[in-house]
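Novice: Residue strings, one per chain:
Protein chains: 2
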Amino acid sequence: MPTATSPPQSAIQNHLLAALPEDIFERIAPHLELIPMPLGEVLYESGGQLHHAYFPTTAIVSLHYVMENGASAEIAGVGNDGVVGISLFMGGNTTPSRATVCSSGHAYRLKARLMMEEFNRAGPMMRLMLRYTQALITQMSQTAVCNRHHSMEQQMCRWLLFTLDRSPSHELIMTQELIASMLGVRREGITETAGDLQRAGLISYRRGHITVQDRAGLEARACECYNVVKKEFRRLLREA
Amino acid sequence: MPTATSPPQSAIQNHLLAALPEDIFERIAPHLELIPMPLGEVLYESGGQLHHAYFPTTAIVSLHYVMENGASAEIAGVGNDGVVGISLFMGGNTTPSRATVCSSGHAYRLKARLMMEEFNRAGPMMRLMLRYTQALITQMSQTAVCNRHHSMEQQMCRWLLFTLDRSPSHELIMTQELIASMLGVRREGITETAGDLQRAGLISYRRGHITVQDRAGLEARACECYNVVKKEFRRLLREA
DNA sequence: TCGGGTATGTGCGATATCGCACATACCAGC
DNA sequence: GCTGGTATGTGCGATATCGCACATACCCGA
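Heads up: the sequence lines are chains A and B, in that order.
When we follow the working numbering, the leftmost residue of the first sequence carries the number 1, and every step to the right adds one.
When we follow the working numbering, the leftmost residue of the second sequence carries the number 1, and every step to the right adds one.
Take the hints with a grain of salt, since some may be wrong.
Okay, derived cross-link-like pairs now, EDC-like style, lysine to aspartate or glutamate, Cα gap no bigger than 20 angstroms in a straight line [claimed, not checked]: (1) A:Lys230 with A:Glu153; (2) A:Lys230 with B:Glu68; (3) B:Lys111 with B:Asp214; (4) B:Lys230 with A:Glu68; (5) A:Lys231 with B:Glu41; (6) A:Lys230 with B:Glu41.
These are calculated hints, taken from the structure and not from any lab test.
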């Protein structure tokens, strides 16, 4: 732990850090910095240099692509089940996507050099990061398929469920505008869909807050993508 | 080279094999089998075991996902610039997607065990495979964004260009039905779009054959996704 | 408590794609 | 040269989402 005063999160709250063998965790622990991740912060820009790897505890980060005309779409989300900055060890050092904080919270960060050093030992850290990358690939693939074939309501339910899984509470702090930009759809469409879900008793919301009332109901309205990705994460990372 | 009689392709036709340092290439070369890849062959099924890694020379392989209701969509394509079977070394051994041959030709294949052995040396083969995986991730991400925001015509042009880049000639052997299933759209939509492109003089076609007449014209009608992915492949794999 | 900025609600025509039905045309193989 | 199976062409109503315009309502902070 980097600080003497106990932080509001422990590194164990990030599943990847928790899954590391003790000796490796103790080697990197002194270098883990717990930092606040305010809503909207840009962790890296398309093509930009990465200086740290981020292991979210309570924050949620969105990897998305912004097109020439300004429209954008989320490619994948990263919460306490993952790490931001895989291109550090995959070799390219940058990616054409952007990473921003879409739900504020905290994360542990690790300097790029240290991350790469540990990865290059070609031991458990490397194997864990590669398995996680494989899970992330599944998430991205499923996003592609989902964007092609599933309705806005299905996609919104899927997105809420993923976000819920990575959140400490049942209340999500986010505007409909934010959700729309994540899914790459119109804000008005989200307003309508959210209204439907609220009338059905699945969620309730007020200005910038969404509370999930009926998780099973959301799962029933979500597309298969939610479960495919969730199962694959469990399969690949159950080593923990 | 595995055979004494010179095969129609040389391993050098696969860019990844060509990019390997000589000593490593010579170590695996005796184990590379040149095999024919007939149209429609399934290299692996969702969740199925992988017995080989495939390095296409003239064949093109499509990674796609088939949904519960039977609809499907391509996630990424692999040609002589890549390898099929990254989950072998990423750790999961399987993926929820399917790989099928969408343009017949040949590929070199390498037994899973040998692939993993070489990867686990944590040397140039590992670094090359990881860089390729990073490029593949870009392709998948861009597919997700493209599915969300770009028109069928833009997507068809993008797809034709990628296929052309991986083909030995300007004539592609494929039906409109096939293209439709790759893009996850209706066959009739492809018929209409193909008609437009032919009237514009960009392509010409007949029953199962498409010939590209004006590559620059296709590029002009394709979305930015084509160039983003192409540049990223070049950046990551220019080491060759 | 009161305002102002922002989040949400609603309506409506435009558009792209879908789903289905069926017509036509090609060409491989007899 | 036929012919059957398959690939391609075409039409049309249904649907989902978009793009825009504007109304309303919330809640934060002065």
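Novice: Of all the hints numbered above, which does this structure not satisfy? Sort the numbers upward.
Specialist: 3, 5, 6
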